[in-house]
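One line per chain: the protein sequences are G and U, in this order.
Numbering-wise (my numbering), the first sequence opens with residue 57 and increments by one.
Numbering-wise (my numbering), the second sequence opens with residue 57 and increments by one.
For the record, the hints were derived by calculation from the structure and aren't laboratory data.
In this text, a Cβ means the ideal position worked out from N, Cα and C, and glycines have one as well.
It is possible that part of the hints are untrue.
Stated by the list, open to error - Taking CB as the label site, the calculated pair distances span:
hint: 1; chain 1: U; residue 1: Glu209; chain 2: G; residue 2: Glu111; range: 39 to 49 Å
hint: 2; chain 1: U; residue 1: Gln128; chain 2: G; residue 2: Lys212; range: 27 to 37 Å
hint: 3; chain 1: U; residue 1: Glu205; chain 2: G; residue 2: Asp188; range: 45 to 55 Å
hint: 4; chain 1: U; residue 1: Gln94; chain 2: G; residue 2: Ser213; range: 14 to 24 Å
hint: 5; chain 1: G; residue 1: Thr208; chain 2: U; residue 2: Gly151; range: 34 to 44 Å
hint: 6; chain 1: G; residue 1: Gln118; chain 2: U; residue 2: Thr131; range: 50 to 60 Å
hint: 7; chain 1: U; residue 1: Glu187; chain 2: G; residue 2: Ile123; range: 30 to 40 Å
hint: 8; chain 1: G; residue 1: Gly114; chain 2: U; residue 2: Asp124; range: 42 to 52 Å
hint: 9; chain 1: U; residue 1: Thr208; chain 2: G; residue 2: Lys91; range: 50 to 60 Å
hint: 10; chain 1: U; residue 1: Glu111; chain 2: G; residue 2: Pro87; range: 39 to 49 Å
There are 2 protein chains.
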Amino acid sequence: MAKEAKTLDDLFHDTLKDIYFAEKKILATLPKMAKAAQSEELRAAFEKHEAETEEQIGRLEQVFAAIDKKPQAKTCDAIVGITEEGAEIMKEYKGSPALDAGLLAAAQAVEHYEISRYGTLIAWAEELGLEDALSLLEETLEEEKATDEALTEIAKSAINQQAEAA
Amino acid sequence: MAKEAKTLDDLFHDTLKDIYFAEKKILATLPKMAKAAQSEELRAAFEKHEAETEEQIGRLEQVFAAIDKKPQAKTCDAIVGITEEGAEIMKEYKGSPALDAGLLAAAQAVEHYEISRYGTLIAWAEELGLEDALSLLEETLEEEKATDEALTEIAKSAINQQAEAA
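Go ahead and model the full structure; you've got the sequences and the hints to work with.
As structure tokens, then:
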């Protein structure tokens, strides 16, 4: 294979490096979001997802092994941008009653990025016949979807509490 | 209201400026993606979404009007990062059989960002009682979801075609 002729294998490998970087960035960001969260419920959700993210990183390392590659991170501009927006919210809404709503929105943008990336990797793993990688990626995708749903529930319950207090 | 005490109204307005920037960036990016696409089906999908994006920008301008604000864009680091990744794919996979798969993945990352943002804005519009904004945002969210599903279908059909050709 000539170096110029990039294939779906290369695209799978490149995207794996991208999400590996992203998960590590998320792992570094979650403790800051947990610390900033005003409600106990949101803080607990971030802490739970931090533990899950560590496992997800371990699973990605198994996916690298499944394609005979060393785990390697490649700067993912998307997650850098998404987490910068979250950092901006933490700064601009510090002490504001809307802070948690902003943190929730930032976290859901992260989840949706991950859902999109894992969905793509799963489709390619299927095409490439990477059975082991497939089941690892599917396990993580289910966790990300569950996290997104849990965040939606927290957002709804926060809205209801405020409505009742009004 | 003191300038320091940012409320959910401010968060709604800030996020509206963010997605307004994002939609304009997407509108500028779609013709490049359409030009790069190898399959007619993918090119047509990007062209269709370009027309939709123009309408979505018009709807956002109506949402600004509904909250008595002038349309204003605020740099959205997330979409800058996501579209940079797409530009990288176009460059690195030019002439590769995997180019369309990469373009599809990039476009789905964009769609998921938008789905997350519109979902958030809808929840806040409900809480703030912004009825007019709500229906405009819901209309766009449905379009974004339909676009994401259409892209998934194109990805599947491309995979099947390759499998049949193999």
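Now for the hints, and whether the structure bears them out:
Under the hint 39 to 49 Å, the C-beta atoms of Glu209 of chain U and Glu111 of chain G, about 32 Å apart, miss the expected range. Distance hint check: the CB atoms of Gln128 of chain U and Lys212 of chain G are about 29 Å apart, consistent with the given range 27 to 37 Å. For the hinted restraint 45 to 55 Å between Glu205 of chain U and Asp188 of chain G, the CB-CB distance of approximately 28 Å leaves it violated. Between Gln94 of chain U and Ser213 of chain G the CB atoms are about 47 Å apart, so this pair departs from the stated range of 14 to 24 Å.
Taken as a hint, the range 34 to 44 Å holds for the pair Thr208 of chain G and Gly151 of chain U, whose Cβ atoms sit roughly 42 Å apart. Distance hint for Gln118 of chain G and Thr131 of chain U: a CB-CB separation of about 38 Å, inconsistent with the stated range 50 to 60 Å. Hint check: Glu187 of chain U to Ile123 of chain G, Cβ distance near 51 Å, so the stated range 30 to 40 Å is violated. For the pair Gly114 of chain G and Asp124 of chain U, the beta carbons lie near 51 Å from each other, so the given range of 42 to 52 Å is met.
Range check, Thr208 of chain U to Lys91 of chain G: Cβ separation about 37 Å, and the 50 to 60 Å hint is violated. Remark: the range hint 39 to 49 Å for Glu111 of chain U to Pro87 of chain G is upheld by a beta-carbon distance near 41 Å.
Against the hints set out earlier in the document, violations occur for numbers 1, 3, 4, 6, 7 and 9.
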